[in-house]
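There are 2 protein chains.
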Amino acid sequence: MRKGEQTRAAILDAALELASRDGLEGLTIGLIADSMQMSKSGVFAHFGSREDLQIAVIQEYHRRFEEEIFLPSLEQPRGLPRLSAMYAGWVTRHTREIDSGCMYISGAVEYDDRPGPIRDELLSMVVAWQKALLRAARQAVEEGHLLPDTDCEQLVFEMRAMVLALHHDARFIGDRHAVDRIERGYVRLIDSYRTKSSKTLPHLRLVAGDAR
Amino acid sequence: MRKGEQTRAAILDAALELASRDGLEGLTIGLIADSMQMSKSGVFAHFGSREDLQIAVIQEYHRRFEEEIFLPSLEQPRGLPRLSAMYAGWVTRHTREIDSGCMYISGAVEYDDRPGPIRDELLSMVVAWQKALLRAARQAVEEGHLLPDTDCEQLVFEMRAMVLALHHDARFIGDRHAVDRIERGYVRLIDSYRTKSSKTLPHLRLVAGDAR
Numbered sequence: 000m001r002k003g004e005q006t007r008a009a010i011l012d013a014a015l016e017l018a019s020r021d022g023l024e025g026l027t028i029g030l031i032a033d034s035m036q037m038s039k040s041g042v043f044a045h046f047g048s049r050e051d052l053q054i055a056v057i058q059e060y061h062r063r064f065e066e067e068i069f070l071p072s073l074e075q076p077r078g079l080p081r082l083s084a085m086y087a088g089w090v091t092r093h094t095r096e097i098d099s100g101c102m103y104i105s106g107a108v109e110y111d112d113r114p115g116p117i118r119d120e121l122l123s124m125v126v127a128w129q130k131a132l133l134r135a136a137r138q139a140v141e142e143g144h145l146l147p148d149t150d151c152e153q154l155v156f157e158m159r160a161m162v163l164a165l166h167h168d169a170r171f172i173g174d175r176h177a178v179d180r181i182e183r184g185y186v187r188l189i190d191s192y193r194t195k196s197s198k199t200l201p202h203l204r205l206v207a208g209d210a211r
Numbered sequence: 000m001r002k003g004e005q006t007r008a009a010i011l012d013a014a015l016e017l018a019s020r021d022g023l024e025g026l027t028i029g030l031i032a033d034s035m036q037m038s039k040s041g042v043f044a045h046f047g048s049r050e051d052l053q054i055a056v057i058q059e060y061h062r063r064f065e066e067e068i069f070l071p072s073l074e075q076p077r078g079l080p081r082l083s084a085m086y087a088g089w090v091t092r093h094t095r096e097i098d099s100g101c102m103y104i105s106g107a108v109e110y111d112d113r114p115g116p117i118r119d120e121l122l123s124m125v126v127a128w129q130k131a132l133l134r135a136a137r138q139a140v141e142e143g144h145l146l147p148d149t150d151c152e153q154l155v156f157e158m159r160a161m162v163l164a165l166h167h168d169a170r171f172i173g174d175r176h177a178v179d180r181i182e183r184g185y186v187r188l189i190d191s192y193r194t195k196s197s198k199t200l201p202h203l204r205l206v207a208g209d210a211r
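Quick note, the sequences are listed as chains A and B, same order.
91 is the number that numbering that gives the first Met the number 0 gives to position 92 of the first sequence; each next residue is one higher, with no gaps.
37 is the number that numbering that gives the first Met the number 0 gives to position 38 of the second sequence; each next residue is one higher, with no gaps.
If you are wondering where the hints come from, they were derived from the structure by calculation, not from laboratory data.
Any given hint might turn out to be false.
Claimed, not checked - Restraint ranges, calculated between C-beta atoms of paired labels, are given here:
id : chain 1 : residue 1 : chain 2 : residue 2 : range
1  : B       : Phe43     : A       : Glu50     : 28 to 38 Å
2  : A       : Gly29     : B       : His176    : 23 to 33 Å
3  : A       : Gly25     : B       : Asp98     : 36 to 46 Å
4  : A       : Glu16     : B       : Gly173    : 24 to 34 Å
5  : B       : Val126    : A       : Asp150    : 38 to 48 Å
6  : B       : Phe43     : A       : Glu24     : 45 to 55 Å
7  : A       : Glu16     : B       : Arg63     : 33 to 43 Å
Bear in mind that the values here come from a model prediction, so they are computed numbers and not experimental data.
Cβ coordinates follow ideal geometry from the N, Cα and C atoms, glycine included.
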């Protein structure tokens with residue numbers, strides 16, 4: 000990387016950390032400049048405006064999310080194994096993000112009543128992930144792992160719902176049992192839709208023992 | 000009501016509206032004074048500090064929540080009818096609150112990383128409601144409406160999860176199908192736990208047709 004690119008990446012890194020802690024609205028060029036020991040105009044040289052920086056932070060968050068969760072799941076066989084891998088990766092990420100919070104979830108509450116480019120960017124990322132889950136669920140039907148009349152939209156709604164509850168309970172209530180509940184809920188949910196022949200597929204453990 | 004009490008109630012009403020729109024953190028004595036066309040010291044005469052006002056707002060929100068949802072549910076028979084009535088009331092309230100948002104949910108994200116009296120107050124209200132749902136679920140087991148080995152904590156976790164998803168999807172994604180999904184999810188959830196003898200109990204429609 001050239002020097003300019005390195006600086007840009009370092010600013011983005013610091014901004015991502017700040018936004019995870021204080022929310023995207025908490026992100027200002029001044030704060031970033033302070034944390035990088037740079038001048039404000041130095042930051043502006045890389046990001047034309049505060050809004051550009053906020054959007055770049057969302058895109059970087061999404062890039063890492065895909066790299067960490069979506070791409071590895073593609074190595075799993077099409078169908079239920081892949082769907083479970085995606086969900087496991089997502090839940091595991093949440094157990095690690097408990098202290099910083101998930102930008103998609105806190106961002107949704109921050110921007111649900113503030114129209115504009117930042118909300119649009121966040122929304123497109125959230126919807127992209129939702130569609131990826133839906134695609135994987137439909138493939139699980141095609142592969143004969145889930146029943147032909149599975150309501151995939153409903154399945155994904157309930158999967159997403161439990162992740163919202165995990166985030167809520169772990170961060171706000173301070174209840175770490177939420178991970179076990181999401182695990183049990185997912186097994187129950189999938190069992191209600193899976194075909195007889197798919198019973199031979201093992202249930203994926205959503206979160207590895209040491210990450211709990 | 001005496002004049003002083005009337006003024007206090009009017010301030011609280013305005014504060015509740017402001018907090019629903021801008022969040023509890025958005026609530027300042029200055030804003031309230033402006034919206035009431037009062038002086039700041041006039042507001043201070045009724046609420047000693049901004050924090051006192053924020054806490055009073057949470058308590059008033061809770062009082063109305065109980066009055067609207069919890070108390071009427073007690074008129075339903077103990078067990079599944081009461082549990083369903085509580086849930087129906089909660090979901091219906093959400094469909095009406097879509098424009099202002101639910102203080103418990105937006106408050107959880109606002110305060111999940113801010114310890115202090117406001118977070119404590121919010122948390123105690125959220126936990127009280129959670130316990131009320133849990134108690135109703137356990138009574139449904141006692142009444143023979145749900146299977147003896149029903150994991151009531153798990154049931155309530157999944158019920159709460161879908162309400163979080165309803166709030167998220169309706170407000171952030173703008174997807175009004177969430178109400179149908181929560182309805183279908185609740186039927187599926189309860190069906191997986193209910194006893195044969197309770198099949199005669201009708202499923203409660205969570206949200207009346209005209210509120211959708």
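Right, here's what the structure says about each hint:
1. B/Phe43 / A/Glu50: 28 to 38 Å: holds, 37 Å
2. A/Gly29 / B/His176: 23 to 33 Å: Given range 23 to 33 Å: violated, Cβ gap about 42 Å.
3. A/Gly25 / B/Asp98: 36 to 46 Å: Given a distance of about 25 Å, which is not inside 36 to 46 Å, the answer is violated.
4. A/Glu16 / B/Gly173: 24 to 34 Å: With Cβ atoms ~30 Å apart, the hint holds.
5. B/Val126 / A/Asp150: 38 to 48 Å: Given a distance of about 33 Å, which is not inside 38 to 48 Å, the answer is violated.
6. B/Phe43 / A/Glu24: 45 to 55 Å: Roughly 28 Å apart at Cβ, these two residues miss the hinted range, so it is violated.
7. A/Glu16 / B/Arg63: 33 to 43 Å: holds, 39 Å
In summary, the structure is inconsistent with hints 2, 3, 5, 6 from the numbered list given earlier, while agreeing with the others.
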